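Protein sequences, first through last, are from chains R and F. Going by the numbering used here, the first sequence runs without a break in its numbering and finishes at 419. Going by the numbering used here, the second sequence runs without a break in its numbering and finishes at 1427.
Hints listed in this document are in silico derivations from the structure and should not be mistaken for laboratory results. The model shown is predicted, which means the values in this text are computed figures rather than measured ones. Each hint can be trusted.
Cut-off 30 Å, straight-line C-alpha distance, at most; resulting in silico cross-link-like pairs (DSS-like, lysine-lysine):
#1 F:K1007 x R:K21
#2 R:K402 x R:K357
#3 R:K113 x F:K1295
#4 R:K336 x R:K287
#5 R:K54 x F:K1338
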Amino acid sequence: MNRLTIAPAVNINIIPMDKFKTDYLSVNFMVPISSSSASNASLLAYVLKGGCKKYPALDLINRRLEELYGAVFDIQIKKMGENHVVGFSIDFLDDSFLPDDQTIYAEIVDFLKDIIFYPLTDGSAFNETIFDTEKKNLLDLVAARINDKTTYAFKRCGELMASTQPYEVYEYGVAEIIKEITPASLYAYYQQWIETANVEIFAVGRFCDTDVKGSLAPLFNKARVPVSLETMMLEKKTEIREEFEYYPVEQAKLSIGFRIERENIDYTALTLFLILFGASAHSLLFKNVREKLSLCYYCAARIDKIKMSMIVFSGVLPQNIELAKNEIFNQLDIVKRSEFSDDDLSAAKFTFINNLKSISDSMTMLEDYTLSQILLELDVDIDKAIDRVNCLVEADVAAVAKGITPDTVFVLKDNNEVL
Amino acid sequence: MTENDCKLLKEKYYTFKHKTGLDVCVLTKSGHSKIYALFATNFGSVDIVCNPIDGSQTINVPDGTAHFLEHKLFENENEDAFERYARTGANANAFTSFDKTAYLFSCTDHFEQSFEILVDLVQNPYFTEQTVKKEQGIIGQEIKMYEDDPDWRVFFNLLTALFVKNPVNIDPAGTVGTIAQITPELLYKCYNTFYNPANMVLIICGDVSPQSVEELCDKYLIERPNTKIKRSLVDEPEEVAQKEITISLPVSQPMFLLGYKDTSRTVGLDAVKNAAVTEILLEIICGQSSGLYSKLYSEGLINAEFRTEYMYGDTFGATIIGGQSTDPQKVVASIAEKIVFLSQNGISKDDLERIKKMIYGRTLRQFNSVEDTARIYLELKFIGVSLSDYINAYSSVTLEDCLMRLNSHFIDQHSSVSIVLPTKEKK
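Excised from the complex, chain F in its bound form (with noise of 0.2 Å):
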C-alpha cells in the first residue's frame, strides 16, 4: 500500500493494487460523516466496439448499451439493488458517461454491509429477456425526457456538429431504435470484455481506514482474468461536421453553443496540462472578469446562463461556450474578435496571475465534499496523473503556454454553433 500526501491540499490517500488485479484508492477525510464508494470502468458511450477478451469475433456495440448495462446491473434474480440498499440506509446511484460508467453509494452506518452490495452487483451480473425488455421500456421514457430538454439538445447537436466520426457525438443513452437491438448475449459479452479489474477502479473516500478497505476487498473481491482494455482512436479529420444546427423547441429566448473541436492528441499529464491552458484561456477570453463579459452582460446579448468548460477524454476534447442570448452570431462574433485581439496584442500577466489564484481557491473547493474528491480522483485515475500533478499543472501554465494554445486550439476552421430558436406555443 502507498501512502500519498498531498500537502497542498491536506489530503492523506493511499493506494494499492488488490490481488485480484483490481486498483484500489482510500482517500481519507476526517471528520465527515458520509463515506462515498464509486466503482467504476472505463468502458462509456465512445465504445462502439467490443474485442471480447475471450477471442471471439469483434462486435459493434449499439448506441446506448453501456448505459443500459449499467441499467441492468441493479437486478440480480432476487431482487433489485434498491432494495438491497434499502436495508443498509446507504444513498445508491450510477451514471454512464462518455468513457466511463460508475456505480456508487454514500452512506452515514453499516458501511460493510454497502460495501458488500455494490461490490456484489458489480460482479455479478444477471441479464434475461424479460428484465432486458422491461429495462427498454424506462429507458425509452429517459430518452424521450431528454428530447424536451433544450439543454441537453442545444449540447448533443453542438457534439454532431464538432464531430464527424468520433462516437462522442453519440448520445449516452442511445435512442429507442438501437436500445431495441439490445439482448442479454450482448450485454454479457461487453460485460465481460469492459467489466474486468485492469480496467477498473474502486474508490473509497471518507473516515475509514485503508487498512480496513483493504480488508473488505479481501473478503468480497472476486478473481476475474485481468486485461487492460485499449482504446482504439478514430481517425477523425481537423475539419467540423457541420458549421451550424438549429433547431426549434418551445424555449423562451435563443440558446446557443459555440464550440471549438480539439485537434491535438493529448494524453496523461499532457492532456491535464493541455486542459489547465484551456480553462485559463477561456476566463481570459470571456470569463467573468472579462472585459468582454461586461460588454456582452450590460449589453443584455447574455445573462447569468452563460458559461464556459472544456471536456476531455483520451480520445476527444472540445471547449464549450454559451448559454441564452437574443443574439447568438453577435456574441460568437464577439469572442472571435476578442480571440484575434489577445493574439495580436497578447495576454497582460497581471490577468493570468489573478487568475490562477481563483483556479487555486476553486480547485481546493472541490474537496469540501467526499463526493468531488472520489470524482476527481476518478478523472485523474484513468487518464494516469497524481493530485499534486493535477493542481501543478494550474499553477505551472505561462503566458507563453496561452499564446500557443491560443493560436492551436481556438482556429475558426474547427469551430462549429449549436442553437435552439423559440417555436410558436400552442395553448
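Just chain R, same shape as in the assembly (with noise of 0.2 Å):
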C-alpha cells in the first residue's frame, strides 16, 4: 500500500489489485460523534447523494451511473469508536473490460467530485425539494430501527454501556435533532465539515499513483484546520446494570455488553480472544449456549476495537434468559481459567489467518481493515498481522479475558410473559 498525505489530515491510501472486474475508489470523512454531527453528518450524506449541481436529481444520478456501465456509487454511514464516518464510494467496470477501447477512469473521479464538491444549492442553502425528501428519508430509517430486532437489540447494548458519552449516540443520529435541521444550517455545517474532517481516501485496483494524486489533491485546501479524533474508555461501574425495552416479539433477544481493559493491551491477542469466545462456528459460545444446551439459534460476540467493549448477542426464548446469562458469564471465567483446550486454541488460530488471508479478496474488506488499523495507530500489513498470529499462546488470551467486566445486560421482549 501507498500512503499519501494531500493535505492536512486528507490521505490517499493506494492499494494495487489487478485480479477484478472492478476498480473501488471511495472518500471517508471522520468527526467526533455526537447528537449533533451524527444528526447533520447523516443528513448532510443523504443530501449530497440524492443530487449535485450537474445532475440535480435522482434520476439523473442513476442515469449516469448507468450510461458509466453501471458504476455502483453509495453512502455508508458508520461509528468507529467515538468518531462519525461518512463514506462515498463508487465501484466501477475497470477499462479492460470496457467494450472498444473506451475508458470512463476519468469520469468516474469527476463523478465523485461532482457530488461531494459541487451540490445543488439556492444561494447558501441546500437545494429545498432535495433537502426535505432527504430530511423525511433519514427520519424514517431512524424510526425503522426496531424492524430488525438482532441488530437493535445488539447495538442499543453498545449504547447502553456508554450512556453519559457521546457514544451513546446512534450514528444515524437523533430524531428531535434532525427535525430542527434547516437547508442553510446544513449548508453552514457542510463549509466547516469539509474543512475539518479527517480524510482517508482508499483507491484500490488498477491506478497510477500520479493520476490519483492528480486529480483529487486540487479539492482539499491546503490550508485547512482538522479537529483531532479521540475515544474515551467506558466509565467503571460499581454493579452491572440491566435495562429491558418490551416489543410483542416472539423470541426474546438479549444482549450482553462488557467493558475491555485498554492498558497493555495486545490487540492481535484480543481479536484471538474474540474468535476463540464467541466469534467462529466453533466458537465457546456457539457450542455451548447454542449446540449443548439448544438454547438459541446464535449466540455470538463482537468487539469495538476503538471502544474497547464487548457485546454478546443471542436470540433465546423468555424463560431461557437467566440460564443463557449464566452460561455465558460462565464461558468467558473459562477463558480467564484458561481452561479452553489446545484444539480450541488451535481452531481460533486457523480461522483468525483464515480470515486475514481472506481480507485481500474483498475490496471493501481491504479498506474497513486498513481504516480501522490506520484509526488505531496500528501496522496495515496483513502477513505482519499473520505472523504475530502464529506467535500468540493461551495465556495471551488468557490475559485479555482477565481484563473483560461485565458492564450492561439488555433484554428485549415481550412483556405479556410470565417469569
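Hints in hand, dock the two standalone chains.
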C-alpha cells in the first residue's frame, strides 16, 4: 500500500489490485460523534447523494451511473469508536472490460467530485426539494431501527453502556435534532465539515499513483485546520446495569455488554480471544449456548476495538434468559482460568489466519481493515499480522479475558410473558 | 475434461462428469486467496413429494424436511462437522432454498483436508432419534426468529397470496408442527432419493488446478446409484390465491410487496432469457433511473429500501416489487399506471441500451468474488445454461421482447399485494 498525504489530515491510500473486474474509489470523512454531528453529517450524506449541480435529481444521477456501465455509487454511515464516519464510494468496471477501448476512469472521478464538492444549492442553502425528501427519509430510517430486532438489540446494548458519553448516539442521528435542521443550517455545517473532517481516501484496483494524486489533491484546501479524533474509555461501574425494552416478539433478545481494559492490550490477542470465545462456528458460545444447551439459534460476540467494548448477543425463549446469561458468564470465566483446550486455541488461530488472508479478496473488506488499523495507529500489513497470530499462546488469550468486565445486560422481550 | 473459455468475462472453467456420475466444475481464479467449494443437490422446499429410487411407496414430505436434513448432515456418530472444519480453518456453511440445498466452505489453506470433510459430511448421513429431537429445538428457535422478521413475513405472505397450489409458498423451515413429524427413517428415505450424484453438482472456485480437483474427486467420492430426479410440475392455475394479505407487526411504517405470478412455463435457456427481459423491464418500469422512481421518491412514497426482483426455478417464477411506504396502495396503483402507459406508448430505445450497459457492468461485477462466481454457476448448472449464454441473454434483448413480456406477464389478474402494517407498541 502507498499512503500519500495531500492536505492536513487528508490521506490517500493506494492499494494495487488487478484480480477483480472492477476498481474501487472511496472518500471517508471522520469527525467526533455527538448527537449534533451524527444528525447533521448523516443528513448531509443523504442530501449530497440525492443530487448535485450537474445531476440535480435522482433519476439523472442514476442514468449517469448506468451510462458508466452500472457503476455502483453509495454512501456509508458508521460509528468507529467515538467517531462519525461518512463514506462516499464508487465501484466501477475496469477499462480492460469495456468494449471498443473505452475508458471511464476520468468520468468516474469527476462524478465523485461533483457529488461531494458541487452540491445543488439555492444561495447559501441546500436545494429545498432534495433537502425535504432526504430529511424525511432519514427520520424514517431512524424510526425503522426497531424493525430488525436482532441488530437493534446488539447496537442498543453498546449505546446503553456508554450512556454518559458521545458514543451513546445512534450513528444516523437523533430525531429531535434532525427535525430542527434547515437547508441553510446544514449548508453552514457542510462548509465547516469539509474543512475540518479527517479524510481517508481509498483507491483499490488498477490505479496509477500520480493520476490519483493529481485528480484529488486540488479538491482539498492546503490551509485547512482539521479536528482531532479521540475515543474515551467506558466508565467503570460498581454494578452490572440491567435494561429492558418491550415489543410484541416471539423470541427474546439478550445482549450483554462488557468493558475491555485498554492498558497494555495486545490487539492481536484480543481478536484471537474474540474468535475463540464467540466469533466462529466452533467458538465457546456457539458450542455451549447453542449446540450443547440448545438454548438459541445464535449466540455470538463482537468487539469495538477502538471503544474497547464487547457485546455478546443472542436470541432466546424468554424463560431461558437466565440460563443463557449464566452460561455466557461461565464461558468467559473458563477463558479467564485458561480452561479452554489446545484444540480450541488452534482452531481459533486457523480461523483468524483464514480471515486475515481472505481480506485481500474483497475491496471493501480491505478498506474496512485498513481504516480500522489506521485509526488505532497500528500496522496495516496483513502478512505481519499473520506472523503475530502464530506467536500467540494460551496465556495471551487468558490475559485479555481477565481484563474483560460485565457492564450492562439488555433484554428485549414481550411484556406479556410470565416468568 | 472440457475447458470453457468465457472471453467476455476473462474467466476459464473446466467441467467433467466424474466416474461416480457426479458433475464437477472448476472455476479457476488466479490471484485469489480463497478457494470456495460448493456441493449441492437439486432438492429444496418445493419438493413435497418423494418418489424413493428404491421403488418403495411415495411419501408426502413434511414442510421443512429439506432444511432439517441440511442441519443434520453436519452431524455424524463421532462429532459435528464444524469441529472438524475447526481443525482446518475453513469457514463452512450451508443453505436450503426453494429448489436446492448446498453445503459449502471457503478456505485459504488446507484445501484437501477441508474438501475431504465436505465430501464426507454430504456422502455419509447419520440420523438418530436423539439427534433429530435436538435439532427440533434449534430449528424451532430459528422459526421463531423469522416469525418476528417483517421482511420474511411480508415476502412469504406474498407467495401465499400469489400461489394456489405451487409449494413455493411453503416456508423452507416448515413450522414447529410439521418438523415434529420428521423421523430418522424419513430423512434416510429423502436422502437416498435426492442426494444421489445424478441430482447433484460439485463446484470449486479459486486459484486451484482442475487436475488436482479431479484427483481429489478420485480419492474421496463414493460410488452411488445414479438416478436423475424429475421434479413434477404442479397444476397451478393462472389466477392468484388472494389479491391481498395484510398483517400487523411492530414496524415503524408499512411494508409492502407487489407480486406478479409468472404463468409462462419456460425452462433452460428460455427461462434465462425470460428472466433477462423481465429484469430489464423492471428497471424501465420502476428502476432507479426511471421517472416513476424519482417521482415516488420525491413525494416520500418510497425510500432507498425500494427494490425489484424476478425470482424463478424450473417450476415457478414471480416478479416482486416493494419496500416501505406510508401509502402502499398508492405506489401499487402508480406502478400499474406506468405499465399501462408503456404498453400504450412503447419503450424508449435509449433507455433499453443504457440499461443493458448497466446490466453488463452489474453482471461482470458478480464475478469479483469466488462465492458469487460459484453461486451463479450453480444456478445456471441446474437450469442447464452456460456462462456465455447467460450474458448473451441480456445483451440480445430487443424492444419487441420487452413489449411482449410487458403485455403477457405484468397483468393485474396475475398480481397480489402483501402488506405489513405497524401495530401499536406496548412499553
